[in-house]
Amino acid sequence: MSAAWPRELLRRPGGVLGVVVLAVLIVSAVVATFWTPQDPFATDPFHRWQGPSGAHLLGTDGVGRDVFSYVFAASRTALLVAVLSSLVAGVVGVVLAAVGALGPRWLREPVAVLIDVLIAFPVLLIAIMLSAVLGPSLTEVVVAVGIGFGVNIARVARGEIRRVARSGYVLAARAAGLGPGRVLTDHLLPNIAPVLIVQLSLSAGVAVLSEAGLSFLGYGAPPSTPSWGRLLGDLQNYVTIYPLTAVWPGLAITVSVLACNLFGDALREATDPRLRTGRRERRRVR
Amino acid sequence: MTLVVRDLVIRFGGRTVVDGVDFTVPDGARFGVIGGSGSGKSLTVLAILGLLPEGASATGSIALDGVELLGMRERELARIRGRRIGTVLQDPQTALDPLRTIGRQLAEPARLHGAVSRRGARAEAVRLASLVRLPEPERIVDRYPHQLSGGQRQRVAIGMALALSPAVLLVDEPTTALDVTTQAEVLSLFDRLVAETGASLVFVTHDLAVLARISTEVLVLSAGRAVESGPVDRLLAAPQHPVTAGLVAAARATSFTASGPEDPA
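Read top to bottom, the protein sequences are chains A and W.
Per my numbering, residue 10 is the first one in the first sequence, and the count goes up by one each step.
Per my numbering, residue 76 is the first one in the second sequence, and the count goes up by one each step.
Rather than coming from a laboratory, the hints here were simulated on the basis of the structure.
Given the structure is predicted, the values throughout are model-derived calculations rather than measurements.
Each residue gets a CB set at the ideal place from its N, CA and C atoms; glycine is no exception.
Some chain A residues close to chain W (C-beta under 10 Å, calculated; not the full set):
no. : residue
1   : R114
2   : L187
3   : G188
4   : D195
5   : H196
6   : P199
7   : T280
8   : D281
All chains, full assembly: derive it from the sequences and hints.
Written as structure tokens, this is what we have:
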């Protein structure tokens, strides 16, 4: 991976869009930690179901809460869950994959079976099970997505590690005296990174979607935590009467998930020198 | 540096694929190992490095200057690989990590064995690039493998193998994937480098015409057994074993490609 990748990333339309949306998400999450235009939980029985106006940019909901402030504040929840879930999923995935591909022989088959068994459990089911035991919380969402998507990553990464481990350059590196640990960090992980990046950005998208879905059903964010999914759940009974209000949290979810996927795709292309198509690179070929 | 292989037996997946092979590579020798597909020559190379694939096991003895390599602990073997035994493997298309610059890969063995500092790595890479006659060494070290031709990549692999001036240079079909012209260039490079560094050369190939150029002593393998050995001239002139005779005939049949004026080495 060379230092040229940020420029390569911004050369792609998907990358630009992904970066912009994720930047907006990050900035709003940080700002929302300290400040929101209005108190996102303040109800106002005299101003229910208002349309967009100067006072309420996106209007108000059925209890008179300011929708913009609520959506704004909930971006923090979404980002937190996305980042933490991807982190957990990445660690779970890489560790399982490395053990399943390179570990002692007696351990590999059981790990592969474990991965296959866990894949059979949908993320949402794991989350609802955890929620039943521990009560609804964001931790439960993070753990559920981390494990649920982690095994997906593990399955893909295991195959990739096995493929790269058989390659000529790994053998050449071993023949040059590189130990198995260094081969993993120097050659295997960088070479499966494109796949990992896509999987991690997908998992961030899945995390946002799962958090929204679980909160919608009441298994995710507790009432004290603002959440796009929870807001959608609150609004669903009135969606035929006040459709516009439900658009905003829905739009926030859609755009965030899309941005995660676009960003991942563009990053994968930008970090892989073989996929670069820049003019400068092309000229330098022989 | 003397490499002595005694009664090497390699079993792979329940079959005996190398069956009692003996040979000695004296200090500074140019030793050739020849055999067709499945003759066990590549596994022999991997056994010397202690890098047999999973499911394969070797018995017998492989000694480098009296030190037994078979059964040596992995950590000690790792110190010998790269430092005392340089290796060039078959396929230059896959022998380089596609994500690392040529310079990083060239300097990797030297960095690994502590021969150069992080700062000295680039200079070392440039030195090795010019050693193996890569064009524009200062610029090529910043390129990626996909930007190089097959012959250039094989030069990079050779540079990596020679980075620490190993006593033994172990090469497995280094020219098979190259076109004839490039093959001739890479062979003259080996010729020159072996002469300059004084390393012993163990050259594994299926092509007797190549061995006739590069090596003096030859061992012929067939189906895991050593069927004949001796000076390459004698084998060419008077092959004793039918397998050798077949290889000689094959080399002669294709030799019109090499029978033109000798390229300026």
